[in-house]
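Mind docking chain W on chain G? Use the hints.
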Amino acid sequence: MRSGFSFKVLFLCILLVLLCVLALAIGPLRLSAGEILATLRGDGSDQAATVVWQIRLPRIAAALMAGAALAAAGAAYQALFRNPLVSPDILGVSAGAGLGAVLGIFLSLPVFGIQLLAFAGGMAAVALVWLVASAVRNADHTLVLVLTGVVVGALAGAMTSLLKVLADPYDQLPAITFWLLGSLASVTPEDIWPVLPAVLIGLVPLVLLGWRINVLSMGDDEARALGVETGRLRLAVIASATLATAAVTALAGVLGWVGLVIPHIARMLVGPDFTRLLPVSLLLGAGYLLAVDTLARTISGTEVPLGILTAMVGAPFFIWLLARGRRVWT
Amino acid sequence: MRLEAESLATGYGRLQVGSGISLGVGQGEILCLLGPNGCGKTTLFRTLLGLLPALSGKVRLDGDDLTSLSRNTIARRIAYVPQAHMTAFPFMVSDIVLMGRTAATGLFSRPGSKDREMAMVALERLGIADLAGRDYTTLSGGQRQLVLIARALAQQAGIIVMDEPTASLDFANQSMVLAEIAKLARQQGKHASGILLSTHDPDQAFLLDANVALMAGGGIAAGGRAAEILTGEALSRVYGIPIIVEKTPSGRSVCSTGLAG
Chain G
1 MRSGFSFKVL FLCILLVLLC VLALAIGPLR LSAGEILATL RGDGSDQAAT VVWQIRLPRI
61 AAALMAGAAL AAAGAAYQAL FRNPLVSPDI LGVSAGAGLG AVLGIFLSLP VFGIQLLAFA
121 GGMAAVALVW LVASAVRNAD HTLVLVLTGV VVGALAGAMT SLLKVLADPY DQLPAITFWL
181 LGSLASVTPE DIWPVLPAVL IGLVPLVLLG WRINVLSMGD DEARALGVET GRLRLAVIAS
241 ATLATAAVTA LAGVLGWVGL VIPHIARMLV GPDFTRLLPV SLLLGAGYLL AVDTLARTIS
301 GTEVPLGILT AMVGAPFFIW LLARGRRVWT
Chain W
1 MRLEAESLAT GYGRLQVGSG ISLGVGQGEI LCLLGPNGCG KTTLFRTLLG LLPALSGKVR
61 LDGDDLTSLS RNTIARRIAY VPQAHMTAFP FMVSDIVLMG RTAATGLFSR PGSKDREMAM
121 VALERLGIAD LAGRDYTTLS GGQRQLVLIA RALAQQAGII VMDEPTASLD FANQSMVLAE
181 IAKLARQQGK HASGILLSTH DPDQAFLLDA NVALMAGGGI AAGGRAAEIL TGEALSRVYG
241 IPIIVEKTPS GRSVCSTGLA G
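As given, the protein sequences belong to chains G and W, one line each in that order. The opening position of the first sequence corresponds to residue 1 in this note's numbering, with each subsequent residue numbered one higher. The opening position of the second sequence corresponds to residue 1 in this note's numbering, with each subsequent residue numbered one higher.
I should point out that these hints are in silico values taken from the structure, not numbers from a laboratory. Every value quoted in this text rests on a predicted model; they were computed, and no experiment measured them. Incorrect hints may have been included.
[Claimed, not checked] To spell it out: a stretch of chain G is covered by chain W in this simulated footprint if at least three of its residues, at any positions, have a beta carbon under 8 Å from a beta carbon of chain W; those stretches are:
1) 81-87
2) 120-133
3) 203-215
4) 223-229
[Stated by the list, open to error] Derived contacts from chain G toward chain W, CB cut-off under 10 Å, selection only:
5) Gln78
6) Arg137
7) Asp171
8) Met218
9) Gly219
Even for Gly, the Cβ is constructed at its ideal location relative to N, Cα and C.
So here's chain G without its partners, still in its complex pose (with noise of 0.2 Å):
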């Protein structure tokens, strides 16, 4: 199952530019390749060029991002934790920007202001999580970093509940219901931009510090003992998983098991050295969610908000995956 390794990430980098292609060229607008190809050099028709470059190519983009962020999150927060069961959504950075979006939405600020709330939101959740936790002396980090993620992303999603109680039930509450749904319906091109170098900025560090976190994942004291500052690393860890999560979330809204069964699939072909894991993860991750929002947009005649799809395939496939025998759990 672990050989061939590099065959297996050739085989995931051919098949997602196939899915690219495929995502391009279906919707309301049928393309055929030639006509995608000619677009794409500048000579296609007026409408294909709008269609190509200002509604699927930006969709596309967003899918790929929040996929691979997402899916690198997952991998990097389960070494870190010791647990396959963890997801990114663990520190609470999804309840952090759940509530900034919402708390901008209330405020009637414009879409940017939204995803900088939301950004804002998903990074001040954790970073209050680290602090709570690195505050409390004499017990072990990483169980305490757990309890606090679980008792800030519960503050935040009763913050959350009050803006909703409180907001408009005809123009805001709606908007809300939507955001909290996860959806890349309404991506322009200007979105992509601020959300690139914030992904790219959070998944270096985890690229480069795929074997210390191999080491990370034999717990703190053993890992020590092989001469890992652990305390930096997993900060360093969080940080970088955070900013491009918390990024993508402002970006495309709540997504969640996208983290969770992405990295069991990606032990599954490369096994658990995490300098392999990383890169198939982000390869699937940005497939698997690019697959589903193809099928999002296309599945019926209205959209289908994504983050219910994303649940919906992703639910039943882990329980398959469980069904499967114990080599998912490890």
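This is chain W only, laid out in the frame that chain G set:
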């Protein structure tokens, strides 16, 4: 390389577990830590490894105060063999052993081909090279313990601290690991390891002809050569049951207890 503790007090915050502990182990020496459950052996180990701050006193590695050294430097001088455990993820045995090379690997890199060779050599030395490609989580307790010892060997530190290395091993593997420990300590010159191990079996201290620190109530009740320290009287006092030390016809010392109670 020499690991030394000077009037060390160990514990967690306000909870003091051990006090007045002084001991030393250098390359070529074996020090066996013996004592009843809960006497503070594991807490002492964690303090000696710098994983737990000392409440008072000092730990020195080659004269350097442990608190002044980075984790990386400590890991190059002292290796830790925990009790056989399960990992959260199904790492390959060769990857687990390769983790011993982390301190010698750059922060942003992966251990290289030379490190892989060293990991293989370590596995070969313990006679488990055939496990290299296996999933660590599918191994038996004894095999996992051997893998963790191999990882410490790959670390190439002068001092190796082992927490009950024979606890999960069968009869044959126990004697194999003990023989390997003796061999490690008896290598020539600077290649010789200094080994600090805890055990519940006083016979192992006799077998290794080791130095012994007999722990009781958080302190060291007696220290010195096994043959001098481990008398029936001393063991009976520390463990609180009658223990006799006898010589076998071949001249070896062995301990035996009746059924306590």
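Evaluation of the provided hints:
1. 81-87: With 3 residues close enough to chain W, the hint holds.
2. 120-133: It is violated: at least three residues are needed, and the segment 120-133 of chain G offers just 0 whose Cβ sits closer than 8 Å to chain W.
3. 203-215: holds (count 7)
4. 223-229: It holds, with 6 qualifying residues against the three required.
5. Gln78: Interface hint status for Gln78 of chain G: holds (8 Å vs cutoff 10 Å).
6. Arg137: Check passed: Cβ of Arg137 of chain G comes within 7 Å of chain W, closer than 10 Å.
7. Asp171: With Cβ-Cβ at 47 Å, over 10 Å, it is violated.
8. Met218: This hint holds: Met218 of chain G lies near chain W, its Cβ roughly 6 Å from the closest one there, short of 10 Å.
9. Gly219: holds (8 Å)
In this structure, the hints that do not hold are numbers 2 and 7, in rising order.
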